[in-house]
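4 protein chains.
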Amino acid sequence: MAKLYYRYGAMGSSKTANAIMVQYNYMERGQKALILKPRLDTRDGLRVVASRSGLKTDCLYVEELDTINPADYDCLIVDEAQFLTRAQVERLVAIVDEMDVPVICYGLRADFQGNLFEGSRWLLAWADTIEEIKTVCWCGRKATCNARISNGHVVKAGEQIMLGGNESYVALCRKHWAQGKLGNEGRER
Amino acid sequence: MAKLYYRYGAMGSSKTANAIMVQYNYMERGQKALILKPRLDTRDGLRVVASRSGLKTDCLYVEELDTINPADYDCLIVDEAQFLTRAQVERLVAIVDEMDVPVICYGLRADFQGNLFEGSRWLLAWADTIEEIKTVCWCGRKATCNARISNGHVVKAGEQIMLGGNESYVALCRKHWAQGKLGNEGRER
Amino acid sequence: MAKLYYRYGAMGSSKTANAIMVQYNYMERGQKALILKPRLDTRDGLRVVASRSGLKTDCLYVEELDTINPADYDCLIVDEAQFLTRAQVERLVAIVDEMDVPVICYGLRADFQGNLFEGSRWLLAWADTIEEIKTVCWCGRKATCNARISNGHVVKAGEQIMLGGNESYVALCRKHWAQGKLGNEGRER
Amino acid sequence: MAKLYYRYGAMGSSKTANAIMVQYNYMERGQKALILKPRLDTRDGLRVVASRSGLKTDCLYVEELDTINPADYDCLIVDEAQFLTRAQVERLVAIVDEMDVPVICYGLRADFQGNLFEGSRWLLAWADTIEEIKTVCWCGRKATCNARISNGHVVKAGEQIMLGGNESYVALCRKHWAQGKLGNEGRER
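Each protein sequence line maps, in turn, to chains A, B, C and D. Residue numbering for the first sequence follows the numbering used here, beginning at -7 and increasing consecutively. Residue numbering for the second sequence follows the numbering used here, beginning at -7 and increasing consecutively. Residue numbering for the third sequence follows the numbering used here, beginning at -7 and increasing consecutively. Residue numbering for the fourth sequence follows the numbering used here, beginning at -7 and increasing consecutively.
Looking at chain A on its own, in the form it has when it is part of the complex (with noise of 0.2 Å):
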């Protein structure tokens, strides 16, 4: 009767703190939850997981799930699940399915060009549950697309995953999105 749950949210929307205080919450309550991540996202550095507002912890990379046995855990937690592989994806519906494990997975929804991950496109395909993280665009309105922020410009062309680059991201609304407004535009900050 576990589910595997899918919550999406724009950059910005405090996934990664999310999925620390759920583990969190576990913990108060004496149960393990683990958190995992895809090893492609180095960017917090090797086998830890932070939030831009400061909050961290230890994790386990996705790769290393046959190093682990899930039914020793109340709940995984996957951050960055939108890079997720179909296989690592098919992988955690068995958890679910077979060993009656909840898996709990946060991520984008679509890249900076509008087109879903491959994480994302089976979650969506398969989670029991789908919610929404929510966020807000400059304007106001709820933020549900990620653009590229290059040299101060929004870009539409690239790689769908860069590392290292000096690209950065930001959520906004769908409309903006698609005009590629900033918002900051004749504003000093």
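If you're looking for bench data, these hints aren't it; they were derived computationally from the structure. Treat each hint with caution, since some may be false.
[Said to hold, decoys possible] Partner residues are not named here, just some residues of chain D that face chain A (Cβ under 7 Å, in silico):
no., residue
1, Gly4
2, Ser6
3, Ala9
4, Tyr16
5, Asn17
6, Glu20
7, Arg21
8, Ser45
9, Thr127
[Said to hold, decoys possible] Which bits of chain A does chain D cover? Going by a derived footprint, with three or more residues having C-beta under 8 Å, they are:
no., segment
10, -6 to 6
11, 12 to 20
12, 45 to 53
13, 119 to 133
Ideal Cβ placement from N, Cα and C applies to all residues, glycine included.
The hints should help you fit chains B, C and D onto chain A, whose structure is shown.
Only chains B, C and D this time, still in chain A's reference frame:
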């Protein structure tokens, strides 16, 4: 400020009935809501949507969107939205964002093999709000997957869309879908 | 592991039609779902629930729960659940928690003066899952409030429940409900 | 078009941490979000909200709303909203509907005896959007109820709000809350 809604549900979750009721509710308030469906789906006859529970109403084909002015309506409702093409979803996005007309799409999430449809893929990527229309598996759990049945058995191979065949579909929980269990083994019915 | 659901919606949000469709979906899967309603509500005739859109089915009174064994059913569905008493909600909670039978309640949230009904109060306090059935105000915003109309005007005083009166109700957004604006000033209809 | 949100969750569901993260996300976008709490709650010190997980930030008392102009903010965030009075909730409704400033309230649903708090009662009646912040019982089910613990035992009688006492609270599923089972019988920890 209008929104694009994707209300997904497995086979037999009353998606069409919901679409018709939403139109009815708009009409009761003196507003105009247009129901559309992709032309592909002709099981219910020409330009008609019909629910299994007996509700029925006229509709237009999504391919005929050019013959109307979306701004004449308070809401567009799309049934069988899993069959939309990417270009059609983009068109609906533009109606929401540029004409400020809300669009509510009803459809399946994944096909009988667990793959997203073209329409559901882009709606899951771009919708402002993703909502589930729930239904149950024979075991009582939530049904999230669609099994194709041929001669009383679950089949796992074949075309994504079969028109005019003898197949039928049934909604199962992910576990029974993976096992191919219809739950009527040994039952007489 | 069964759950108590409260699905609330304003007047005219198709709550009864949804209740009937959920029963239909259970039946299609060879399962039994019983519809109940508080005896108070007799507008649709004896032991019948009927939607404005034309769906209709037999039901039992909540007061008659003692005459059946809830465990004989795969699901209990309660319409007009805002009229439940606290004791009746407690009875439903016990059916969920002790007999493991899911109970899905449909009802209004607040009355025409913005006060919770007895049934909605305790369902909002105790339900496992609270879900909204959305409908629209004449202005296009979501309607969350219920206005009582008498002689074409919004009235703000009176009994919470009026049986056999000439009042009618209309769903409005909170702003227009507070202003008492029906949106048909100057319109001919 | 601003909305009043009620995000309810049981004890230990990270409501305060969520409130602080939402403020942080607004700030990151160059927007201003003000956190408020009812004066009653002084456990975290004067004009500070602090999460168990270590996040902390300044706040204002709801009673001090007159000293600011809500229109100066992009969002108001209220923590411990279950302690709001009806009049304070009405004030927040007016800020949303008349000043078009979104208000996000975080709070408990029901007290240790299963009764709604004054604040949660009116927020559940009037909020535009009701969302749950989930947490788990020691048994793994969703925790929806709050038990008061005194000397290691669940107590069922007493004042709704105890200030300065030795009580603590723990979130339980409804079944274990009704049974008063804390799940640590016989465990060593």
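Outcome of the hint check:
1. Gly4: With Cβ-Cβ at 6 Å, under 7 Å, it holds.
2. Ser6: 4 Å, holds
3. Ala9: Given a least distance of 5 Å, the restraint on D/Ala9 holds.
4. Tyr16: 5 Å, holds
5. Asn17: 5 Å, holds
6. Glu20: Given a least distance of 6 Å, the restraint on D/Glu20 holds.
7. Arg21: 5 Å, holds
8. Ser45: Interface hint status for D/Ser45: holds (5 Å vs cutoff 7 Å).
9. Thr127: Hint holds; D/Thr127 Cβ to chain A Cβ min 5 Å, cut 7 Å.
10. -6 to 6: Since 3 is at least three, the answer is holds.
11. 12 to 20: As far as the segment 12 to 20 of chain A goes, the hint holds, because 7 residues have Cβ atoms under 8 Å from chain D.
12. 45 to 53: holds (count 3)
13. 119 to 133: holds (count 5)
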